[in-house]
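K.L.:
What follows is each chain in one-letter form.
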Amino acid sequence: MRTAEKIEKLIKQFFETQKTSAVMPIEKDEQVINEALAAFEKHKTQSAISQPSVWRIIMKSSITKFAVAAVIIIAASLGITFLNKSTPVAYANQILEEAIKAVSDLTSVHMKARMRTLPNDNFGHLDLERDFASIEMWKRTEPNGLVQWRVEKPGRVLLVDGTSTLMLIRPNYGVLEKTPYPPGCFDSWFSLLMDVRKLLDDELKNAKSNIDREALLRHENVNGSDKTILEVEHKANVPENDYLRNKFIFDSDHLKVYQFDSETKLLESFQIYVHKDSKDILVFEITNIEYNQPILDSVFKLDLPENMIWHEEPKVLPDNEKYQKMSPKETTQAFFEACSKEDWVEFLKFWSSTAVDEGLKSYLGGLEIISIGKPFQSKGYGGWFVPYEIKLKDGSIKKRNLAIRNDNPAKRWVVDGGI
Amino acid sequence: MFKDKWLIWKLKQGSSDALCHIYKKYKANMLALAIALSNDKSFAEDIVHDCFVSFAGCCCKLELKTSLRSYLLTSVANRVRNIGRDRIKSAIDIDEIDIADSYSNQPPKQAMDNERVREINSALHQLPFEQREIIILHLHSGLKFKEIAESQNISINTIQSRYRYGINKLRSILDGEV
Numbered sequence: 455m456r457t458a459e460k461i462e463k464l465i466k467q468f469f470e471t472q473k474t475s476a477v478m479p480i481e482k483d484e485q486v487i488n489e490a491l492a493a494f495e496k497h498k499t500q501s502a503i504s505q506p507s508v509w510r511i512i513m514k515s516s517i518t519k520f521a522v523a524a525v526i527i528i529a530a531s532l533g534i535t536f537l538n539k540s541t542p543v544a545y546a547n548q549i550l551e552e553a554i555k556a557v558s559d560l561t562s563v564h565m566k567a568r569m570r571t572l573p574n575d576n577f578g579h580l581d582l583e584r585d586f587a588s589i590e591m592w593k594r595t596e597p598n599g600l601v602q603w604r605v606e607k608p609g610r611v612l613l614v615d616g617t618s619t620l621m622l623i624r625p626n627y628g629v630l631e632k633t634p635y636p637p638g639c640f641d642s643w644f645s646l647l648m649d650v651r652k653l654l655d656d657e658l659k660n661a662k663s664n665i666d667r668e669a670l671l672r673h674e675n676v677n678g679s680d681k682t683i684l685e686v687e688h689k690a691n692v693p694e695n696d697y698l699r700n701k702f703i704f705d706s707d708h709l710k711v712y713q714f715d716s717e718t719k720l721l722e723s724f725q726i727y728v729h730k731d732s733k734d735i736l737v738f739e740i741t742n743i744e745y746n747q748p749i750l751d752s753v754f755k756l757d758l759p760e761n762m763i764w765h766e767e768p769k770v771l772p773d774n775e776k777y778q779k780m781s782p783k784e785t786t787q788a789f790f791e792a793c794s795k796e797d798w799v800e801f802l803k804f805w806s807s808t809a810v811d812e813g814l815k816s817y818l819g820g821l822e823i824i825s826i827g828k829p830f831q832s833k834g835y836g837g838w839f840v841p842y843e844i845k846l847k848d849g850s851i852k853k854r855n856l857a858i859r860n861d862n863p864a865k866r867w868v869v870d871g872g873i
Numbered sequence: 033m034f035k036d037k038w039l040i041w042k043l044k045q046g047s048s049d050a051l052c053h054i055y056k057k058y059k060a061n062m063l064a065l066a067i068a069l070s071n072d073k074s075f076a077e078d079i080v081h082d083c084f085v086s087f088a089g090c091c092c093k094l095e096l097k098t099s100l101r102s103y104l105l106t107s108v109a110n111r112v113r114n115i116g117r118d119r120i121k122s123a124i125d126i127d128e129i130d131i132a133d134s135y136s137n138q139p140p141k142q143a144m145d146n147e148r149v150r151e152i153n154s155a156l157h158q159l160p161f162e163q164r165e166i167i168i169l170h171l172h173s174g175l176k177f178k179e180i181a182e183s184q185n186i187s188i189n190t191i192q193s194r195y196r197y198g199i200n201k202l203r204s205i206l207d208g209e210v
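Residue numbers (our numbering), protein chains in the order written: chain A, 455 to 873; chain B, 33 to 210.
Next up, chain A with everything else stripped away, as it sits in the complex (with noise of 0.2 Å):
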């Protein structure tokens, strides 16, 4: 006998065959049509005369003049769409330089903030099935202008100490250059959300040269308080079918929603929505903004465990021309093999550290290769996927996609993902 998941999937199929021989004849369209702007033209028509217009309601208030003002000036000089009506360019020039005033004395911002992704991985990893994991960031800014910042999750830290750029993928595999980084590095694209000066200015240029984005940018009453809403569409950067759909924030359709404070231009909330089959899916929030707060100079500062293992960029090898000329297939397979004979020397050779941390060498350490499969790409990634199927030591069956690229000083394949 069926079960209901069954039925219910039969059932599916046979609205699907349906839904193809729904047609509207193409007079009954016209009708539809026709009689619905009527409908429409009337009932507007009765709204105008019982209501005043929502442009002389705003224009009473001298504070919602000032908003409205800035709003206008910025979505006039970028073509998005907002109200139709035109405003005193000068007027609305020097409000707005006034607002931007109010902004720049800030010295700190504390975030916090939820987002679907696994606690250690990227940082712009993305998984819709997956519940919330933390995220908080803090920036600050020393009256001799060095600047510090930092973000986190669970099992992943970046921390710029205005001298160098740290990144802590716990329990203990760093990153460390030498430089400060700017927001936004190691795809830590949320970070920029700290850089409140830019934030509204940069959005809606992006979005005027972005044919990829739409926005739409409108003010609100919340709570008696005037506010800038920002919304945002952004295409996928890889195609529907594409292995990374979905998976990264920015190989996804999905919507940005930014609330400024219209007076300070202080953002306030934002949101993240996928699209995805017919639903938004929040992906991510902000849930806390503390701007100017003191921040303890201990959170720039990061403790290290003593068995720390460092990022090193691939070397050129005595015979590297050797792993060079290897296939995506044959450099998986010889990894593998690498993990099977627990030959840590050849190991490191497609993997980009100092050395192997004592907890990998035991997960891989003596594996089966079951199969390796036929190697594909992502629009979204420079590298190769390359399925494969093992077997641990601990009888478990591991099916995934082994991420390995090569665009490094030595040109040789290593291992960027997928254990």
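Simulated pairs of lysine-lysine, PhoX-like, Cα-Cα distance not exceeding 20 Å: (1) B:Lys73 - A:Lys482; (2) A:Lys710 - A:Lys733; (3) A:Lys730 - B:Lys57; (4) A:Lys689 - B:Lys37; (5) A:Lys733 - B:Lys37; (6) A:Lys460 - B:Lys201; (7) A:Lys466 - A:Lys733; (8) A:Lys632 - A:Lys769; (9) A:Lys466 - B:Lys176; (10) A:Lys853 - A:Lys828; (11) B:Lys42 - B:Lys97; (12) B:Lys178 - A:Lys733; (13) A:Lys733 - A:Lys689; (14) B:Lys44 - B:Lys57; (15) B:Lys44 - A:Lys498; (16) A:Lys632 - A:Lys755; (17) B:Lys35 - A:Lys689; (18) A:Lys795 - A:Lys815; (19) B:Lys35 - A:Lys733; (20) A:Lys783 - A:Lys795; (21) A:Lys845 - A:Lys795; (22) B:Lys35 - A:Lys730; (23) A:Lys463 - B:Lys176; (24) A:Lys865 - A:Lys769; (25) A:Lys710 - B:Lys37; (26) A:Lys701 - A:Lys833; (27) B:Lys35 - B:Lys56; (28) A:Lys710 - B:Lys35; (29) A:Lys755 - A:Lys566; (30) B:Lys42 - A:Lys498; (31) A:Lys466 - B:Lys201; (32) B:Lys178 - B:Lys97.
Take a look, some chain B residues computed to stay more than 12 Å from chain A by CB distance: (33) Asn110; (34) Arg113; (35) Asn185.
Keep in mind that the hints were calculated from the coordinates and are not lab data.
Source: prediction; values computed, not measured.
Quick reminder that beta carbons are idealized off the backbone N, C-alpha and C, glycines included.
Keeping the supplied structure of chain A fixed, place chain B upon it in accordance with the hints.
P.N.:
Just chain B now, kept in the frame of chain A:
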């Protein structure tokens, strides 16, 4: 969701383009649902006509609590239920309906699919209207039980029960015919 919020906003600003855009976007969904519920294409076209003209006449005052798609589809379902029950063809008339135009030129192998389609259509129309309606709204139009419950002002438990009974009855009808 963004597009629909933008369209509603434009509609409230008086944009007839937005109204046309909404119709173009959702007419196929609305018609497919009306056909699935009523089994009568001509009647379904009338339902879509009535629903959309009614929507156009009140959209400026609309405060949507659900998505625009959900609102329009539940309007169709409510109208079919309230007006069309006596016009919905009974199961005995099923054979008169041209069920799958796309199969009409298929080779003999596809004739089995036609038969299967008829069986399922017949099984669906053996269900009580309330159960069939919920199965169609959920599996055909993708509406959630919560949305269906709110549109009909019934508890979500009742909706889920009707759905479960309907699926179980379909299972026994279809397994009996195999």
